[in-house]
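These protein sequences, in sequence, are chains A and B. Residue 250 is where the first sequence starts when you use my numbering, and the numbers rise one by one after that. Residue 250 is where the second sequence starts when you use my numbering, and the numbers rise one by one after that.
Everything labelled a hint here was simulated from the structure, so no lab data went into it. On a predicted model such as this, the values are computed, not experimentally measured, just so you know. Every clue listed holds true.
Identical chains blur together in the list; that is why a pair holds if it fits in one copy or across any two.
Once the Cα atoms are required to be at most 20 Å apart in a straight line, the calculated SDA-like pairs of lysine to any residue come out as:
(1) Lys278 x Gln571
(2) Lys266 x Met250
(3) Lys524 x Asn545
(4) Lys461 x Glu340
(5) Lys278 x Asp561
(6) Lys461 x Val349
(7) Lys473 x Val344
(8) Lys461 x Gly323
(9) Lys266 x Asp494
(10) Lys278 x Met558
(11) Lys575 x Glu478
(12) Lys473 x Glu340
(13) Lys278 x Gly576
(14) Lys564 x Ala281
(15) Lys278 x Gln251
(16) Lys474 x Arg337
(17) Lys554 x Ala281
(18) Lys461 x Pro322
These are the residues of each chain, in order.
There are 2 protein chains.
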Amino acid sequence: MQLRIPGPTPCPDEVLKAGGRQMINHRGKEFAEMTNRIVPKLKQCFQTKNDVLILTTSGTGGLESAVVNTLSPGDKVLGVSIGFFGERFAECASVYGAQVIPLKYEWGKAAAPDDIKRALKDNPGIKAVMVTHNETSTGVTNPLKEIARVVKDAGKLILVDAVSSLSSIDLPVDEWDLDVVITGSQKGWMVPPGLAFASVSERGWKAQAEAKMPKFYFDYARAKKFAAEGQTPWTPAVAIFFGLDVALDMMLKEGLQNIFARHTRVADKARKWAKAKGMRLVPDEKFASNTVTAVNAPDDMDVSKFLSMLRDEYKVVIAGGQGAMKGKIFRIGHLGFVGEKDMDEVLAAMDKALPKAKKE
Amino acid sequence: MQLRIPGPTPCPDEVLKAGGRQMINHRGKEFAEMTNRIVPKLKQCFQTKNDVLILTTSGTGGLESAVVNTLSPGDKVLGVSIGFFGERFAECASVYGAQVIPLKYEWGKAAAPDDIKRALKDNPGIKAVMVTHNETSTGVTNPLKEIARVVKDAGKLILVDAVSSLSSIDLPVDEWDLDVVITGSQKGWMVPPGLAFASVSERGWKAQAEAKMPKFYFDYARAKKFAAEGQTPWTPAVAIFFGLDVALDMMLKEGLQNIFARHTRVADKARKWAKAKGMRLVPDEKFASNTVTAVNAPDDMDVSKFLSMLRDEYKVVIAGGQGAMKGKIFRIGHLGFVGEKDMDEVLAAMDKALPKAKKE
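Generate the whole structure from the sequences, applying the supplied hints.
This is the structure:
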């Protein structure tokens, strides 16, 4: 089976095997030693000296944690949204009482740093900018470096949804001076879903100390206190830690730059295929993601038929569109444990399914 | 290794093996079919026709979900606490703005239904009673049936922390008319930590519709909507679902009443051992838990030495005390995948370690 959705992603055998190890005491020496091995490796992948916290939750819980740990009800935030997940991030902040000023783009577009600069100028009193690095619903990677610069120049906090980018696409947290950055274990990390990771800058911790949104399970201060002992405040998803420990070794052995280059090569294959078939990518190619390729379905394609045929006849699982894009696009996930040979297989299967997936 | 703490608990080989399966699409047919198999089995264990939701979080996140889905800031609740976890549940409600009226008992005691009846009478306007079924920190099982009766007679909601009891100790949710009941996968369920389960009664859903505490990740309404399709709103911990599916089959094959009886037999062994050694149990024996046995350490015992000796020399891992009980008690976890032979091994190791664990 080629599971090529943008998460859960396939795991290497070594990771699966580690995930099947017998349980251990999460308050014991062995667990603490493992956590104390994992965290420095995570920091290498985040390219940061900031704290990196491990939460037992999915990516969305990670995003919620960024919101409730840095903001107070009534705080004004700029919610930059270029798709489904940008909207989710902003919605979460609204639910907790933030005053979200939306900066929305048409699906498929990237956010423009100048627009953010202007929005910050036009709306005095904004505390934080919430932004998606890689928008999984449209296959767009935002120009985060440039966005971060305008946010930092304005002296605001930046909260980043890097769920489907971090460890697959270059994201130097310290160099770009990002305050809270969230990612999820089932994306570029080659492990099953169930953990989210959060890096928190000094400025982030200052905001944490003042933030008045209610938090208990997701409280970073509690997580930090326990992390000092190699522990978590609440019982962690031990089996996923086992897998993560192994996956991180594999990743660091390959090397971050090599991982990024591999993702670029694999994504290039997907993009070239689509163009060769005369299809249009959802994003401008300049902002096309290296972890998920979103393709506008040809007018005569029955997307649902295409997806089921790929799955049932060719053992290739790709994704359809979300929200308003349902039935109009298809998305190939290529992040984490993926190589050029995998993509060749996927594209070969799509070649075969394509002519048989026409609308009736 | 005999891992005999009150969670994480050991998993059967079949469960570990299932947990090591390759990932699948959480929006696909196979996952939905699995969820649609799991939920009815969970309901059997909860002895309920109520909805049972599956959340990717640990037990504490489950408790938080019970709070934020039924209460509004300012709501008056009775926080019944007989130990560490009762305090945690109440603290979580406070953090979210509930007005918690504490009903605290000395550690080791069970809650008295008459006290609750009186507290409800003395404090008009209480909306819900929060209570721990099995207090892991003290090895006490509250008389939940009788407690539920006084709460229901008073027409209040009852929110139950059954993290370390459900599926190991009889807890007929419908018969006792419990509104929200929370448990965690790493306790009696024989699977790794990372999932919490929540049953929600009709009255619970009514409260959910009115509750104004902020919620996003833990929103039961979203979870219910997706559950109708065999899905979860956010990416679930797929690997733990795999294990759970298998574990539930094993449990239902054994039969709930047989599981409860097994836990009683194993716990009896632990209690008899302690008494034969002249030690006192932390709880009154009438309320002694069948999932965790808490024992007052003899005056001349160095608890920390006892625990490390058991672990390092005899490969038996038990727990110490939490909070104020640290250094004063030890706790043997015996829930989930545990039989009499396991307990015999644990007690034999304790026999050997005991004389060597005296204070210097």
